[in-house]
Amino acid sequence: MAIALQIIIMMIITCFLIHSAYTIGRALIPPMVTRLRRIRSRRYYFNKDIARSLDRSMEERFGIARVISDSVPAPEPIWINYK
Numbered sequence: 269m270a271i272a273l274q275i276i277i278m279m280i281i282t283c284f285l286i287h288s289a290y291t292i293g294r295a296l297i298p299p300m301v302t303r304l305r306r307i308r309s310r311r312y313y314f315n316k317d318i319a320r321s322l323d324r325s326m327e328e329r330f331g332i333a334r335v336i337s338d339s340v341p342a343p344e345p346i347w348i349n350y351k
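Residues 269 to 351 (my numbering) make up the sequence shown, in order.
Keep in mind the hints are simulated off the structure, nothing from the lab.
It cannot be assumed that every hint is accurate.
Just the calculated beta-carbon pair ranges, DEER-fashion [to be verified]:
{"id": "1", "residue 1": "K316", "residue 2": "R294", "range": "31 to 39 Å"}
{"id": "2", "residue 1": "R308", "residue 2": "I280", "range": "53 to 61 Å"}
{"id": "3", "residue 1": "L304", "residue 2": "F284", "range": "24 to 32 Å"}
{"id": "4", "residue 1": "C283", "residue 2": "R306", "range": "31 to 39 Å"}
{"id": "5", "residue 1": "R308", "residue 2": "I275", "range": "46 to 54 Å"}
{"id": "6", "residue 1": "A272", "residue 2": "R305", "range": "48 to 56 Å"}
{"id": "7", "residue 1": "L304", "residue 2": "M279", "range": "33 to 41 Å"}
{"id": "8", "residue 1": "T282", "residue 2": "R320", "range": "52 to 60 Å"}
{"id": "9", "residue 1": "I297", "residue 2": "I277", "range": "29 to 37 Å"}
{"id": "10", "residue 1": "H287", "residue 2": "R320", "range": "26 to 34 Å"}
{"id": "11", "residue 1": "A272", "residue 2": "P299", "range": "38 to 46 Å"}
For each residue, glycine too, the CB sits at the ideal point set by N, CA and C.
Throw the hints in and build the complete structure from the sequences for me.
Have a look at this one:
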């Protein structure tokens with residue numbers, strides 16, 4: 269009887285811990301995805317601005333237009349399925 273009671277208590281504790289980890293994970297994943305998307309987007313636009321300024325300086329100095337800005341790749345989308 270005591271062993272069965274211990275097993276039941278251990279199962280309850282295990283279920284509680286699993287549920288807590290799942291809840292914490294669900295709370296943390298969406299903000300992290302949003303943060304990663306913002307970082308990648310900022311990096312993309314920052315690089316694009318640098319490329320545009322280089323284009324302008326190349327055009328002013330050498331008469332060369334559209335050198336780099338078309339070659340700056342777009343950031344890859346982050347696909348994470350969470351529900």
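Do the hints match the structure? See the list:
1. K316 - R294: 31 to 39 Å: 34 Å, holds
2. R308 - I280: 53 to 61 Å: 42 Å, violated
3. L304 - F284: 24 to 32 Å: About 30 Å separates the Cβ atoms of L304 and F284, which means 24 to 32 Å holds.
4. C283 - R306: 31 to 39 Å: Given range 31 to 39 Å: holds, Cβ gap about 36 Å.
5. R308 - I275: 46 to 54 Å: 48 Å, holds
6. A272 - R305: 48 to 56 Å: 50 Å, holds
7. L304 - M279: 33 to 41 Å: 37 Å, holds
8. T282 - R320: 52 to 60 Å: 57 Å Cβ-Cβ, so the 52 to 60 Å window holds.
9. I297 - I277: 29 to 37 Å: 31 Å, holds
10. H287 - R320: 26 to 34 Å: 51 Å, violated
11. A272 - P299: 38 to 46 Å: Taking Cβ atoms as reference, A272 and P299 lie about 42 Å apart, which means the hint holds.
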